[in-house]
Every structure is written in C-alpha cells, then in structure tokens.
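Residue numbers (my numbering), protein chains in the order written: chain A, 3 to 710; chain B, 3 to 710.
No lab work stands behind these hints: they were computed from the structure.
There may be inaccurate statements among the hints.
It does not matter which identical chain is used: a pair holds within one copy or between any two.
[Said to hold, decoys possible] DSS-like, lysine-lysine: derived pairs with alpha carbons at most 27 Å apart:
#1 K449 x K384
#2 K533 x K55
#3 K406 x K248
#4 K236 x K323
#5 K384 x K241
#6 K453 x K351
There are 2 protein chains.
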Amino acid sequence: MRHSPLPFPLHHRRRLARALAAIALLSGAACNSGPNEDGGGAGVSASLNDLMKERGLDESNVSAALKTYTPTGVHDPYIMFASGGQSGQVLVIGIPSMRILKYIAVFTPEPWQGYGYGDETNTILAAGQRDGRTLSWGDSHHPALSETNGDYDGQFLFINDKANARIAVIDLKDFATKQIVMSGLIQSDHGGTFVTPNTEYVVEGAQYPAPLGGGYAPIERYAEDYKGAVIFWKFDREKGRIDRAKSFAMELPPYMQDLTDAGKLVSDGWVFLNSLNTELSIGGTLEGRPPLESGASQNDMDYMHIIPWRRAAEVAGMAGKTKEIAGMRVIPLDVSLSEGLLYFVGEPKSPHGVDVTPDGSQMVVAGKLDTHGTVYSFAKIKAQIDQKKFEAKDRYGVPILSFKDSIDGQVELGLGPLHTQYIGDGMALTSLFLESAVVRWSVKDLKVIDKIPVHYNVGHIAAAEGDTVSPDGKYLVAMNKWAIDRFQPVGPLLPQNFQLVDVSGSQMQLLYDMPLPLGEPHYAQIIKADKLHPEDIYKPAGVNPVTAQHDPDTVTAGKERIERRADGVHVFMSAVRSHFTPDIIRVKEGDTVHLHITNVEQAHDATHGFTIDLYNVHQSLEPGKHVNASFVADVPGVFPMYCTEFCSALHLEMAGYLLVEPKEGGAPAPGVAPAPGDAPAPGDAPAPGDAPAPGDAPTPDAPAPGSE
Amino acid sequence: MRHSPLPFPLHHRRRLARALAAIALLSGAACNSGPNEDGGGAGVSASLNDLMKERGLDESNVSAALKTYTPTGVHDPYIMFASGGQSGQVLVIGIPSMRILKYIAVFTPEPWQGYGYGDETNTILAAGQRDGRTLSWGDSHHPALSETNGDYDGQFLFINDKANARIAVIDLKDFATKQIVMSGLIQSDHGGTFVTPNTEYVVEGAQYPAPLGGGYAPIERYAEDYKGAVIFWKFDREKGRIDRAKSFAMELPPYMQDLTDAGKLVSDGWVFLNSLNTELSIGGTLEGRPPLESGASQNDMDYMHIIPWRRAAEVAGMAGKTKEIAGMRVIPLDVSLSEGLLYFVGEPKSPHGVDVTPDGSQMVVAGKLDTHGTVYSFAKIKAQIDQKKFEAKDRYGVPILSFKDSIDGQVELGLGPLHTQYIGDGMALTSLFLESAVVRWSVKDLKVIDKIPVHYNVGHIAAAEGDTVSPDGKYLVAMNKWAIDRFQPVGPLLPQNFQLVDVSGSQMQLLYDMPLPLGEPHYAQIIKADKLHPEDIYKPAGVNPVTAQHDPDTVTAGKERIERRADGVHVFMSAVRSHFTPDIIRVKEGDTVHLHITNVEQAHDATHGFTIDLYNVHQSLEPGKHVNASFVADVPGVFPMYCTEFCSALHLEMAGYLLVEPKEGGAPAPGVAPAPGDAPAPGDAPAPGDAPAPGDAPTPDAPAPGSE
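Only chain A is shown next, with the shape it has when bound in the complex (with noise of 0.2 Å):
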C-alpha cells in the first residue's frame, strides 16, 4: 500500500532521510563490525522511541540531553568556578556537562590533596590565622578570575573568607592555593572578591560593621564606633601573590557593605558597592528590639557606594592621608570626604548586588525587596560628581547623589531580584529569587523580553564570560538554593540544585539539574576553556608547589638518603611506581622526623600519595612534586607506610615502615595499649554542661572551637 508523499519540502526530506537513517541504527538494524570504543552495535538496539518511553523523555528532555551529553574523552568548552560556601573551597565545573571536575582546597585542609597534612601547605594556611586562633574553615562566597583588559585571563583565581574576613590566591597553572591573606581590619565581609580591570587592586568589601582592628566597642555606639571598610589588595601578576604593603583600605559609615563590581571601559576607575541597613538597624531579639531582617528593611533607599579606586590608591600613598590600622594604610572617612573619593547614591530597597554592563556605561542594581532592575548611568553620575551636584549629605557628610539624575530607568522585572549577568547585545539576565525563576530582559531597551522558572529559590546566576567586557551568551546557570524534590532523598541535609539553562534561542530552555554534594556555592563565573593553559606535571621533577620553585632538597632517583642531623632525622625519599626508596625508616622515639619526598616521575597522572599510619601526614604527590614535611615520632612502635594513591597493578606493595624504637626501658610491650574510648551511643545522652569542655581529653584540637 503506498502512503501519500510526504508533506516537507526537499531539503528536509533529505534531512529527515539522515535522521531515519540514525533511527535505523538504533533500531537494531545490523551494525558494522564488533564492539567499538563506546561498546555500540547491539548494546544501542532501542530506537530512538523506544528509549524515549522507557526513559520517560519527551521531546524537549531529548533536545536537553543531547546538548549536555559530552562522550568519553571530549572536553567541555566551558569551564564554571563556583564557590563552595561553608565547605570552604571552590569548584571546578564543565559546562555544558554539568560535571564537576575539581573541588581545590583553599580555607580548610583537605587531604586528598594534602592541603594542610604536614607539608609547607600548613604555612599558606597559618598565614590566614589570627588572634593566635587556628582557623580551620571558611564561608567562601565569590569567586573572581584574574582580568586583563576586563576579560577573564584565565592565570589567576581569587576567593573570600565571609566567616573570617580574608581571602585567597589560587593559580591557574596548577588550581592549587597558593597565598591566603587575612587583613585584620574587618570582621566579616562580602564585597569581596572582586577585581578591578586590569588585576591592579583584588577588592573585599567588609559586611557587618564592627571597630575596626578588631577590638571591643558596646554596640550602643554602633553609629560612631562600628564602622565598614573596602580593602584594595595589590596584586603582583608577576609573583602570583598579593603584595600586602602595596595595599591600602578605607574607612566607610557603618552601612552593611554588600557586594562589589568594578567599572570597566568608559568607567575604569570606578568601582561601586551595593549596601543596605541605612536604618542603622542592630537586632536585638531577646533585647525588646526588631529582629535586624524587618529593621534593616524600613526604609525606601539605602546607599550605592561610589568610589574612584585609582585616586584612592594614590592618596593612600600620600603622606599624612592614611592611618595605620592592623598594620594597613587605611584612609579615614574624613579624608575620603575632603579628597572626594566616596560618593552616594539611593537604590531601592536592600538590595543585593551591583552588576557592570560589559561597557561599562551603566550599572544595575537589583531589587531584592524591589521588584525592580534599576539602571544607572555612569556618565550622568559622573556629571553630577564633576559638578559636585549633590542632593544631600548623609549623616557622616557623605555626598548624595539625586537618584533621579541618576538612573537611565527601572524595569519591573520581578520578584526578589537578586542578580544579574550580562549575554551580550545590550540584554542580561537576573535572578528571582522569591519568584523561582529568571528574566532575560534588555538593558538598552529597558524591557522585559521573557522568562524560565528555575528549582527553586535562584541566588546568584552565571552566564559565560557574563561579567566580563565581552560575554558569551549562550549558556546560563541558575544556582538555585532549595532543591526540594529535585533529587533521590539524601537525609535533611539537602545538596543545592545547580540548574544549566541554554539561553542561545528565541526560547530559554532548561537543560539539566546538577546537584551539589558538597557546599553551598554562592558565586560563580564561567570562562571559555581554552584560556585555562594548567600544567600536566611539575617539571622538571621536584618543584616544590608552594614556593614555585626547584626545592634545594629535591630527591633525584640514586640519591636517597637518610641522614642524622642536630634537628633530627632527615629523610630523602623518591617515589616511582611502585615503590618508595628508603621504604623503612629507622628512627628513635622523641625524633623529629624531616621528610623530603620527590615524585621522580614526569608521566602524566602518575600520581603517589604518601602516608605514616596513625601519625597523620598525608602527601598527594603528583608528578614532579617534591614536599617537605616534619613531625615528631613521640609514639614507640611500628607504623605502616604506603602510597595511598592507586598508582599501578602494584600500589598495594608499594609500602614500607616507619620503626620507631621506644626510649630506654621506657617501651611498652606489644599488645598492652590501653583501648581507646568510646563515643555516647543513643541512650547515653551526655548530661547538660557535658558537652566537650574545652581542655577535656580527648577533644581533638584544631577543628574545635578555642579549646586550649
């Protein structure tokens, strides 16, 4: 029986006949040859339908997916780093895979990569110490990619510390920390990290008001003692680290300085500072007082801070303009005032973040309790700061701005704006958090175009390059916060819901939900993959990660040795698979142990791990990496060691012993260790005031909290 023609036109009956020729290859129809790299022929015999019913998919899930599956071995284009939130580290993400490729170490040590386990990665997190007080967390937020010419360079990546007010160098050359600086100024921040163009300045803009230096004043004189501050650190491209006496801060009115973005282009030069709590609200909910979330929320406007950086930076380097606070040049108010460095301007109404067009003519400010995007001009706010045209002064004699001149105009975009990312052709996206979704909406027309729900509950997004002098378009995360039921129950801790939404088309259209296993990222940015130039291995062998540099103990293979030093026993070890030589050790109990360990190898992945059983070093010793380590073997005995890396069909022989020999007539017997205790179990509840008291054994040291 023949079927009436076809209704498409020639070229899509070519097309089609491609496609059924793919769906006959589904269907099972014989294939070529045997198994192939991707084990195909037999093992693909569902056709397309098929698969699609028993999978659940319909049409536009088969459109999502093949446009984030990536086979083995294809890399994806994009690469996202995102914050880790609580967990204190960042997040290495391919896009549109949705994979997440890395999680690097920056405020808490973590030993898979021996970031904080014996090795020199202890000094880079003893530099971010303060008060004597180990600190082994951070509340980092917002990541930010070196910038060369207000594009992401693809050499650098900066971090904050929320929690403990400072913030991080990670180098892109082997995604490792390499520097964390902690300011001592502030207390908290937010604002931060933020770069200016070019990298001159990384800035971390403090959140919550206290004095500055540390240092106790009664929250009575919040208006005249707590202050905020924004902190310019120097970067020196050429060393990779932050140069701290090149850096410089200033003092600012106890607003909550909220987020940061730095102008570029026509408004290099400037940055700006979102910030709410006008109010001067402080809680007080066991004290007769509105709790700070309705105190902070009365008033209509609160300030957008409005600072030229690079006239800041050279009276800061003026004599007799700075104070010197925690060791840091800081500008006092009243020079910022009488140096014309800090501007106001109204935004409404506690919002959440200053978002720069990619030229750099305008700003946007999203509502959070407004359900406006509000657009400001660079040009009419430097116009009336040229003209020093000011509204009104705030009550530190802060120049205000008129709002009305200074805004291009509002778009009502939704509710709960919070951010926004800019794709190109004068349009950005933003987030809306109480609404669940995200607008895509023109900049340059001041107008809505549509918009995608999201689950649930967005933050901050992401879109390619999106903050940067040229955006990508094409690809959007939303990092929503509350996940729900989008995922296999996991207990009452949920993982947030990263949502990647393809923003290419006519149509938004979302394409996949990653969850997070780990973390609570805040802020992202995605850069185009072929920027990143990482190394494979450290070359040649016996780089040591942290100075950069060849170590002067590198261990060359046929130049093992242990030698007996005044300070101790210093060993010089080399790994290969798959052994290491020495693998025994021989030292006394109460030796300090010196290890030098060099992987010798240069293939890539050929990864070692290093470890001494129950003394708690722990080495990741990629190829060509050389660590240094000490400790005190204080416990008599014979203690396993072995590369915890699977490194060869050999890993599990390549091991060895550290044997202490206890001190004269003082060894224990074997077998005579007295059994280590035991954790409450249900029942045995600990009595109140039972809780580990600080200075009780067994409580560990460093991850609680100011035991001594």
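Following the hints, complete the assembly by docking chain B onto the known chain A.
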C-alpha cells in the same frame, strides 16, 4: 513525485511514524502553548540530526545520552555509595544520571555539614583517636551496606580507614556518621568493611603486619612478632552502633590480608580473606633488599584464608580461649588451629580480592599478577575441611587444602584481573587493570563472553546489587584510576574516572564518564533507591543527631534565653527564617560560652547555618536539628554571627553579634591589633630545615601531624 514505499514492515512503519513525529517537533514545527516547565518550544528548534552534528555526537552517543539523561525532578532508580579514599568521606551517586548527590563526612572534619566544628560531632571524631594524637583524616576504601538475608536493606553503611585502622557507622536515616571505632589492635586495615549476611558482624581485616596492640618489635623479627588479624565487630542494629564488648578478633599469620567477603546461603557462617606476601618480604630499598613490589611477587601462590566465623564467635565467648589485647578478646593462632577456625588454600598470585557468588556456592579470586579468575567451590572446600583432608601446613601450622581439589576451574580473563561483581544468571564482570577493560564471563560455564575497554586502568567495579544474593545486573560502574585525557585539564592532580556501562544487552555499552572531583574512591556498592528511606527533617524539632534523641537542651520558640551559670554562659537559641533569637550575645573575656541551638523549622529543606566570625565554630542546622557547642570567648571584641545557609530572601539580615567585653584594664583599644603574618612568597623559599617545626607558632594545631 511519489516515493517508493518505505522498505519496512508495518509495525516498523508505525514506530517510524512516531519517531518522525518526534523529529518533527524537534525540527521546530509549530509547538503548542508558550514556555512549559522545561522551557520547550522554539528553544528546541534544532532537528535531532542538527544537534548531533553540532555537538559531534554519533548514534551510540545519542543512545547513551538518552540512557543517562535525567530531567528535572526525576529521581535516579539506583544509588551508589563509594568510598572517598584520602578525602576520608563517602560519596552518594545517582545512577544512571551519574550525579554526585552528597559527600558524607566520616573521618575528616567537614564544615558544610558542621562535622567536627564545635558540636557533639567532635565526640564522634574523638572516639577515633589513638595514642593521644588527633587523627583528622582517613583513607576510606570499602563501604558496606547493611544486609538482611544477604540483601542490602538500606539502613546503615559501614566504611573503613586504612591509614588508621578504624571503621565508622553511617546511619542512612539521615546519611550522617554516628560512630567511629578504633580497635588499637592493628596498625592498618584493608579487608574492611564487609558484613555478614544479616550484619551480625562487620569484618575488618588488617593489611600490613605489625605487633598486635601497637608497640615496637624489630622488623628483623617480622616472621615471629609481626602479625595479621581479622576483627569481627558486633553490630547492634537496634542501637545502630558497634558493640565493642561483644566484638572479637583472631590473630593471623603476617601474610598481608587483603580483602574479605562473607559467605551467604550455603556458605553462610564462613568468611574468606585473600592475602599476599607469603614470601614475608619486608622491602628495604636502601638496605640492600628488593622492594616489596618484587619481594612479594615471587611465589606462584598466596593463601586464601577460610574462617568459620560463627564457630569463631562461640570460641571467643569461651573462657580461656582468648587473650585481651588493646581491650579486645583475641583468639590466638594456636587456639584457632586447635579449634579448627583457620584454613588456607592457594590462590594465584598476589591476588586482589575474593568475591562470593550470589548463591554462596562459589568464590572467585582475581589473579592480579596472574591472568586467571579462579573459581573455588565452597562444597569442595567444606568437604576437605570436614574430612580433615589437608595437603600441607604452612610455617605456622595452618592447614592448607589442595588447590586442585578446591576449585571448579580457572578462566583466562585478561591482564591484571582485580575485582569481580555478579550480574545474575551465573554471570560475572571482572575488572582488568592492566588491560584497561572489563570482561564479562560465565562463572557457571567457565567461559568469557565479551570485553569492553575502559579509560583507564580500572580498579574495582560495582554492579547494581552486585555482591548480594540477588544482583540486578543492568549497570556496571568501572572505577578507573587514570583519567589522563578524558577531561578538561585541571592541573597535575587529575580526577579519577567513573564510567557507567550498560550491561543489560547482548553487547556492553559505554554510557558515561563521571569525573571524581574530590578524593579517590576505591570500592562502591549500588543499591536500589527504593530501599532507602531517609528522613526529610528531624522531627519533632529538637533532635540531636549524635544521640538520635530529643535533646534535653532543646529550645522552643518563645523560650529562648541566656543564663549565666557556674560553668559559663548558656545560650538557648532558636533559628527560624530569618533571625536568630537571641541575636546579641554579651559575654566577658574568658567566659566559656555554651550554645544550644534548635532550628525550629519543620519545612523540608529549610536549613540554616550558624557561625561566629573568627571563633572557628560552624554548625549546619537542618530542619528540626538541635546542636550543642562550646567555646571559650578568649579574644575580646565584636564578632558578627550569621546564618551561613542562603535560607531566605533576607538571609544576609539573619545575623547578630557576639560581644566579648574585655577584662578590666586589659582591653586593646580598637585598631591596634598587630598585623597577621604572611606566608613566604615565591623566591623566598624556606631554608632546608625551616619547614614548620612542631611547637613553632603559628603552626595550626590539628591538621599538622603531631605538632606539640
């Protein structure tokens, strides 16, 4: 122009017609309505073929994409629990989407979950310490789901720490670690954790021999004084905890016991451990002896250990049959021999693992350095034991069965066979490390079926319910150790590569590459998701997850208060969107502060966090959860506290202050705190011997090994 009829039978025509309709929709033909939940419509305007071409996908890729893609809100049907290796954690992964859902903290403090950052989780970690040393990481290898009648029951998960010879219990009601037990008997483990078919015992086998109970013996007395062991930890299912008092161990010869598997059904009551190094090699690469990797690989056979654990448990309960070492009842080797508790049979050659078949009648040992899989018959082994028909005894007097009479046969599998999983119908999958492949074979017929290449160098594999009495088949995950070129470069430390394979068809099909962003999983188990029944919230509000009980210090809304007692300041605080009550805490320098915080919410996913800046306290507060945490307010000043989870639109306003009033006359004025120190910049390499020595400030306390 008419076209010839399509050359397919009618049912295929109908199927094609449906497929054509699907393509038509994908081709951008007019779509119904506006944006739907997935943003379909014109956003899916490319034809199937265009999409394939644009992304470089062939038909097998499309098939794989459709077999793994999981739309928003759809849950995975299988869940994989994988060890985290040196991260010290357990991973939860959805299959077939291959998305990581959670990293569960176990041996390593983890701040996002608030694990080891000030509350009673510190007591869990403290119980795993030894010799007064803080152990702040673990090398987790083998997760074991609790079993009932040889099937996963989804209630508990156990995991070992190879580096510190201890195990942990995770409760799958809330996917949180509840207990760590450290025997103090052995210095390392590997053959753990593995459970008996009704989780009567959780088995932990030692790996690198050492004097039992710790203590020193010269390595020259390896054969005499260094011992192996296997620990049978008694599990109290009702309490959800290991019962140390009812646990026992058996002394074993110093062959490196490797992996364990418990018999089931016909072999229920027996446990099998493979081992290596019958040569008793001790390495000595700087002492003129061959490295362990060759020393341990000389002999053609090593010994599989065969133990009737029920009988051993009876013997352990008899007077005079055990020695107490490190507080544990240990059956000495001579007692095991006289009571018939230990038998050997040869296994070629430095093998890795022993895997009991679903019906319990056979055990497969993978050769590692031998290309065979060896299939042992439990009936044949049992017959020789019952008849006391031994071929020989080893140097310690352990009876050795005849290899020939113990096996059903051997199959040549390939290069470097390591690990076997079962997929039903008498079929098995075995990983081939050196060949980078997985072989599918019939244990029943002793015949290879087919192989699939994997990328690269696969260690363990996991099949759905693959080591239970009723495997599901369907999915295989190859846990590849070397990723090399599979993913976008992220520096010298590469992720591992989990590859999902469809084993349901006549040919195996590679589906998906999943990078491991943190840690090095060794082993995993895959369970049907519907066997898991975690809770969504803690209810009613006020549950302490560590004790699993309503906490006596629970805080209800309206009953918040601050009380000064003899032992310090007790703060009874509630957390709810979006404020803490109290949000101002006033103490004096030196006060001990006891926090009692309840998240009074009961809404799913209404999680809060809690921190006090610079005091290294962080809590995760899931709905209904209660935590108790203590610290000493030893630094005066003003310390913001805030909710670290983005819980609501006014999340940033969910904040307050800890005010620490300085002691009389002792307060530094604001602004004069000394500048914190700096880490060495590149070029300022520390001199040899200048690595942070123990006792030097500002070395951080706990992650540094043994610093005094």
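Going down the list of hints, with the structure as the test:
Taking the closest pair of Cα atoms, K449 and K384 come within 27 Å of each other only inside a single copy of the chain (25 Å); across copies the shortest separation is 81 Å, beyond that limit. Taking CA atoms no more than 27 Å apart as the test, K533 paired with K55 passes between copies only; the shortest distance there is 25 Å, against 41 Å inside one copy. Taking the shortest Cα distances, K406 and K248 never come within 27 Å of each other, neither inside one copy (38 Å) nor across copies (77 Å). For the homomeric pair K236 and K323, the shortest alpha-carbon distance inside one copy (18 Å) is at most 27 Å, but the shortest distance between copies (71 Å) is not.
For the identical chains of this complex, K384 and K241 are neighbours neither inside a copy (35 Å) nor across copies (69 Å), given an alpha-carbon limit of 27 Å. In this assembly of identical chains, the alpha carbons of K453 and K351 lie at most 27 Å apart only when taken from the same copy (22 Å versus 63 Å across copies).
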